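**Q** Each chain is listed here by its residues.
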Amino acid sequence: MAVLERAFAVALTIPDNEAFTALETLRRLGFALGGVRRADIWTFEVDAAASAALAGTVATIETVFNPNKHDLTERPGARPQAGEVWIAPSDDTAVGSVGRGSIPGVRAVRRRVAWQLLDDTGNSVEPHVLERAVETFLCNPAFQKAIR
Amino acid sequence: MTARVAVPVFPGTNSEDETVRALQAAGLAAEAVHWSRGGAALRAFDAYVLPGGFAYEDRVRAGAVAAHDELTDAVIEAAQAGKFVLGICNGAQILLEAGLVPGTGPIRRPTAAFAPNRDGGRFMCRHVYVRLAVAPERLPVLGGLAASAVIPMWVSHGDGRLAAAPDELVRLAAGGYVAFVYSDAAGKPVPAPQGSALDCAGLTNAAGTVLAIMPHPERDAWTFMQRDGAAKLRARGATGAMLAPAGGSVFFSAFAQALGSPAAR
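In the order they appear, the protein sequences are chains A and B.
Quick note on numbering: the working numbering labels position 124 of the first sequence as 124, and the sequence is numbered without any gaps.
Each position in the second sequence, counted from 1, maps to that position plus 1000 in the working numbering.
Just so you know, the hints here were simulated from the structure itself, not pulled from any lab data.
Since the model is a prediction, treat every value here as computed from it, not as a measurement.
Treat the hints with care, since some could be wrong.
[What the hints assert, rightly or not] Below, a sample of chain A positions facing chain B; criterion: calculated Cβ distance under 10 Å: (1) L4; (2) F20; (3) P89; (4) V113; (5) F137; (6) L138; (7) P141.
We put the CB at the ideal spot given by N, CA and C, even for glycine.
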């Protein structure tokens, strides 16, 4: 049976304290930044036959998505967008469970964190700046990896 | 002269009070130094103990933000000058993120981490024993600790699994960086409860002057905190005995002895 990989970004619609702290720390490290965006990226390996219902199901899993404070967006592919890096465990282990039970047709679920650094004009910083932030702060290579 | 020990407090630190008390019970002049006082306030101290908690709410990664804090600038400077530094639980995570432990790479370029527990980072709280896994002279920061000393402590963390690249783990094992391993009460090795590599409970640097330990000795440092019964049963009804140092206090006494505290001699 064909297996599809689908990715969903879950970002806070309320102020993101973690992104703000990352911004402050990066500025302390000398990065000239205008902002930091962060989102949880949930990727699902799902049987093709069950794929159509996945988005609706994900929106009901309260441990992934809370409509009172989150924005849920499906990504066109399971790779970072331009200007973005995903931080994942080195072995990219699938999480043990999501929500209260298994999701029909889902074979594996992974959680990554997407970071996007912005300059003063609100645009993504140059790739070498993002790379330096990964090396100096965003990723601990002892147990994490950066997906670019 | 009694050594002065600073216990740096970041936003989210929560174990500073019991850590200060355990240090004071060992004869040291310990005080909590809050972040609002700035790094300059730390420079006059003889040694440092980074306590447990959730500095900066573990944002980004446990210990990552605090490792880049101004307070940690002062701790790094002191450690590089040879002053003794301990990190307990979240303090240990900070020391690894700061690159002070194991210290095999540049500062703030970590080569190891106390990473999420093997079951996805589930928080665990349980009583454990740890055994000194190196010769006492390899660990001057706890000078005077007996060879193969076994100390009761409490594990209380979601991120206590030593993780590093395979070649780094070989280096750490061969170089005597693993200062404490998990054991039973008799000192017999037991698997690390959270899957820590090398069954490591505590990691040190090349000089043995900085120690990062995940379980909490300060939460087992008085008789009333003991899980195992005999001493606690004997102390029932006797306030003084119940409040007497016990168990994990050995850890702080050894630290005091390393600092030459008169009370510890």
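**Q** Now, for every hint given, state plainly whether the structure supports it.
**A** Going down the list of hints, with the structure as the test:
Interface restraint check for L4/A: the shortest CB-CB distance to chain B comes to about 24 Å, outside 10 Å, so the restraint is violated. Restraint check, F20/A versus chain B: the minimum CB separation of about 9 Å is within 10 Å; hint holds. For P89/A, the shortest C-beta to C-beta distance to chain B is roughly 8 Å, which falls under 10 Å, so the interface hint holds. The criterion of a C-beta within 10 Å of any C-beta in chain B is met by V113/A, whose closest approach is roughly 9 Å, and the hint holds.
About 7 Å separates the beta-carbon of F137/A from the nearest beta-carbon of chain B, less than 10 Å, and the hint is met. Hint status for L138/A relative to chain B: holds, with the closest Cβ pair at about 7 Å, below 10 Å. This hint holds: P141/A has a C-beta 8 Å from the nearest C-beta of chain B, less than the 10 Å allowed.
The structure fails hint 1 only (numbered hints given earlier).
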